[in-house]
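There are 4 protein chains.
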Amino acid sequence: MKIGLLTSGGDCPGLNAVIRGAVLKGVISHTTEFVGFRWGWRGVVERDLMPITRHDVRGLARQGGTILGSSRTNPFEGEGGGPENIQRMLDEEGIDAIIAIGGEGTLTAARRLYDEGGIKVIGVPKTIDNDLLATDYSFGFDTAVEIATEAIDRLRTTADSHGRCMVLEVMGRHVGWIALHSGMAGGAHAILIPEQPQSIEQICEWVESVRERGRAPLVVVAEGFTLPDMTEAHSHKGLDAFNRPRLGGIAEMLAPMIEERTGIESRATVLGHIQRGGEPTAYDRVLATRLGMAAVEAVYDESWGNMVTLRGTEIKTVSIAEATGSLNTVPQSRYDEARILFG
Amino acid sequence: MKIGLLTSGGDCPGLNAVIRGAVLKGVISHTTEFVGFRWGWRGVVERDLMPITRHDVRGLARQGGTILGSSRTNPFEGEGGGPENIQRMLDEEGIDAIIAIGGEGTLTAARRLYDEGGIKVIGVPKTIDNDLLATDYSFGFDTAVEIATEAIDRLRTTADSHGRCMVLEVMGRHVGWIALHSGMAGGAHAILIPEQPQSIEQICEWVESVRERGRAPLVVVAEGFTLPDMTEAHSHKGLDAFNRPRLGGIAEMLAPMIEERTGIESRATVLGHIQRGGEPTAYDRVLATRLGMAAVEAVYDESWGNMVTLRGTEIKTVSIAEATGSLNTVPQSRYDEARILFG
Amino acid sequence: MKIGLLTSGGDCPGLNAVIRGAVLKGVISHTTEFVGFRWGWRGVVERDLMPITRHDVRGLARQGGTILGSSRTNPFEGEGGGPENIQRMLDEEGIDAIIAIGGEGTLTAARRLYDEGGIKVIGVPKTIDNDLLATDYSFGFDTAVEIATEAIDRLRTTADSHGRCMVLEVMGRHVGWIALHSGMAGGAHAILIPEQPQSIEQICEWVESVRERGRAPLVVVAEGFTLPDMTEAHSHKGLDAFNRPRLGGIAEMLAPMIEERTGIESRATVLGHIQRGGEPTAYDRVLATRLGMAAVEAVYDESWGNMVTLRGTEIKTVSIAEATGSLNTVPQSRYDEARILFG
Amino acid sequence: MKIGLLTSGGDCPGLNAVIRGAVLKGVISHTTEFVGFRWGWRGVVERDLMPITRHDVRGLARQGGTILGSSRTNPFEGEGGGPENIQRMLDEEGIDAIIAIGGEGTLTAARRLYDEGGIKVIGVPKTIDNDLLATDYSFGFDTAVEIATEAIDRLRTTADSHGRCMVLEVMGRHVGWIALHSGMAGGAHAILIPEQPQSIEQICEWVESVRERGRAPLVVVAEGFTLPDMTEAHSHKGLDAFNRPRLGGIAEMLAPMIEERTGIESRATVLGHIQRGGEPTAYDRVLATRLGMAAVEAVYDESWGNMVTLRGTEIKTVSIAEATGSLNTVPQSRYDEARILFG
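Residue numbers (this note's numbering), protein chains in the order written: chain F, -7 to 335; chain V, -7 to 335; chain R, -7 to 335; chain L, -7 to 335.
Rather than coming from a laboratory, the hints here were simulated on the basis of the structure. In this text, a Cβ means the ideal position worked out from N, Cα and C, and glycines have one as well. Among these hints, one or two may not hold up.
Derived CB-CB ranges, DEER-like [stated by the list, open to error]: (1) V:G304 - F:N66: 26 to 36 Å; (2) V:Q324 - R:T45: 53 to 63 Å; (3) F:Q194 - V:E306: 47 to 57 Å; (4) R:D107 - F:Y327: 43 to 53 Å; (5) V:Q324 - L:F68: 49 to 59 Å; (6) R:E197 - V:R205: 36 to 46 Å; (7) V:K308 - L:T45: 52 to 62 Å.
Work out the full structure: start from the sequences and follow the hints.
Structural data, given as structure tokens:
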């Protein structure tokens, strides 16, 4: 049996651990062969492949990024795209199944390839923001939270030494999990997430109450947070001429607003790409390894069109449809819980 | 309302975060007062108390250890021990309920105090080994795994540079969770846990097969692992005259045995106390904070004799009886999964 | 004897270790008393003092920031400013000498207070950028380099996974030491520092040669780096309406320029305040502790108007004039050395 | 020109960075070729070589250990040993010079090969203990100190939570630099080093005075520390049947002695191999890279029989004789300085 692996979308700590887990599972227990498609779906539609042996995955559990490369190519586009072309390629290359590691877009495309063309595909959910339903946590999230928490720990001493308000922007375009967890872990005085718009007045009230207790306020904000009265124009402030992700978007907007209203000197820090690179935490290495192994198991079970997930302490297989379509947002109860800590 | 807090048994990263979570929850949302019993149950039976204010818990989420101190005192012993004396003390001090943070012994004692004397007590499970049922994970475990994984990462380069076999001993007297997770995360070539006795011949076979693939073998062993033919005397080798935990017990026994049988130079390292001290990971800070908050909630709910636990992503309240009595051992399926990676 | 301590200017890992070293040295070996001036020179001119006991410095070696607070107040300004007012305050408070921990501005002011008013003052150099002459290294620098290097390690995996060019901006307004050392440690493909203006053409040539070798380019740039043809306006691009340090200044300018010229997708990351907060490295803790102890020694030696410095492995006392007036820039030889590694 | 590289003796963080620095320097600026001798001098006497290209050193700055392997083989022994055989091998392999990276034994042997046989050799000092004269610091030392300091930080919370005395054993057979620096950085209450024998009574006095101040004592001891009345037998307690480095030697001896005399529960921790493996700190990466580059420079300068060293901020070339023969011990003044902090 020969399995093709691909990693798609933004990189995420643990991608290589998934690859390693899959290959070791297949090679050792079932003498399966592996190939990697380079640069995500692009390798599929452009037939850009590389063999992956046991030797190639040595030491990959702790290595950030993906040895296969990644891109945002759509498998339904381009000359080699679509189910028919892909099936022909698979037949010619002798590939029996695809394990696609990616976010909502990749998983949805994988499902569609199976539904429309019978492509034998298994999904592995990848979202550093933890925004996919049907999995308790996704790999990479724990690492991102850890890095954001370390940043909060560092910013706190600067805040205290200068009596400043520090505003830290972390990842989270549509959901606020990284902000919620790092904010709780780091003892932030306000956590701002896309699910819970807050007025600038409310934010400044929190900031001032912290100041009144003699402390330097620390605000964690997810990149996707918006003020209720933010106009379209505001929310896109920071998108540069090349239409790339904003550097210093919402945090850079909030810091001067807070300073102006409260008179407390305020500074913005944008963590950016540092959150998604480098070595995964042990938690993410274990989770990613187990998901990779389970994906190969799912191939052996011919569980096409499904994906592997974490439920409690168990790895399960669920329909991709279950995991996509709507977002895993922060529920009100979790935000209320965290809000008590704001003080 | 006034709540008394205590931490009992070996220290564990996250104890202070539980205390902080409880105090913030009580102070901010319900104007509850808190006192801490010093040195675990000893503070209860000896009436050694300290007030804990909001100011006292500042910055505690990231601080290892416990500001209350800990010991292994039994609340049924001593002059002030037993339900009657304790109830009298609580009445005189105006304390309405106790939140007891501790392992199996503490939780069982807490339950007995409630059953036999109606002492209003809520438990918070604390076990760095992750050996308690009824909670998916306990705080401190993630930190211990992270530290053990970093140690494996470091030992690997020494192993490779000298062509040596490194044997790392991690915590786990009765269950092998720390060894299992750190071994998977660090890419160990053999994981030895109490639940799965292995013969020295099997261990040496794994070690030699690693050598044959041109690599330096890395073995992770839980302190409670035993060889099938280990006599009583052997298994206690290393227990010193003061009956204290062995330093370099099983690893120091295995390394020369492996070297003698395989001819591969072998070295033992014992992580020891480093695994249980210092700053908790972000994961443990969040979990411990939530448990502390939920314990106060359980007090308000008068959920006496119960404890708070993690199930999936939710904090639940369960009967202490559910969590004690038998151990949360590594199931066969998880060991089989990990064993595939030994290669 | 009573000594007054103050910390002035931007915070820096190791400030608290200096305070602890000074207090322990004075308290234990000479029964000296200490007071701290709050918020730097502001505490001097506004007579805002706090006693510092041995108990207060417990655990401070590893704590980032400064327990005294800091500001940029000038001791020659304000109602209580100038040598005469300060001497009167010192007399009234029974303070025999001041140890001033700060950068070039603070040291120069300290010297002037001594020259013009005979104020008994000893300086401790503080510059995270390492831009002071007369000391081999200043505390905080090693920590900043370590943090920047970790960021490079993390960015590398993202760069490789996406075939992108990553541009990391680190501190260094006038000198490029942090960029030089972190760039060498992290294996950057180009290091851009204020002392060595490079044309955008040269930068793109380096970037493209990396790409041709099949790697993803990683550029480290000090915040004070300028392109030779940068106009005044450009170089201030990013200074916001409140005249605060630019967020994403030079890196945000360079990334799109590189992308436009080379066609390689490029991303900017600005480390910012994270570099100056949090726990110091062991190196900085030792250096800062020794400097604090030596400053008290210098008080006992009545070495007024001087400062303590590191030379090789020794702590020396030198005239403040030696250390100020000109900058400790990266010499050509060190840049040439690093440039070989760009490849 | 072709240069042969070798790494000898115990592994040390930064060895790979030296190799990388040398190769990049030679390849890029002078089109020099490199080969590596495998397993230290053994590769020389057994003619076990591998080519090292620029591609092979990619990413090595941050990788612990040595890609060449290491051993303690003596180049004057064995069939291929001695200057004549080695010169013949070099001639036949077309190798012009050897860069030997190692400790006192390696450097002395290198010098002897040059003195007795004219072998063109340059030394790079490697000692994690920092026990070589003629260099301010050696690479690997900073990493070891950082790891030991992190261990102290972790042990402190356990000590405080249980009111215990913790005894941490760090590396340092003949000199106490690692104990001195990590003890100062971590705020140890007693630092015990080979250069300064202390009686058990003195140690217990320090421990008790800490207890009296309400704190939990933390003792750092270098593995080579001895009590003044330690017999030969005692000092070798812990050496096992295979004559290998003691696991838990001096710390395991001291902890029960302290407990017995003071009544304070005491625990020993032995850091062991963890100190010498894994990623180097940024400091060590920069130092090692510069030394590797300078060694190639020394080859071009035909500075045979010499070694490269750090003096202040500069890399210098000195005679090997200067660096060997006597040890770089901790001077009395540095111990007195640290002792003030014991309290």
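Hints and how they fare:
no. : hint                        : result
1   : V:G304 - F:N66: 26 to 36 Å  : 34 Å, holds
2   : V:Q324 - R:T45: 53 to 63 Å  : 59 Å, holds
3   : F:Q194 - V:E306: 47 to 57 Å : 28 Å, violated
4   : R:D107 - F:Y327: 43 to 53 Å : 59 Å, violated
5   : V:Q324 - L:F68: 49 to 59 Å  : 56 Å, holds
6   : R:E197 - V:R205: 36 to 46 Å : 43 Å, holds
7   : V:K308 - L:T45: 52 to 62 Å  : 58 Å, holds
When held up to the earlier numbered hints, the structure conflicts with 3 and 4 and fits the remainder.
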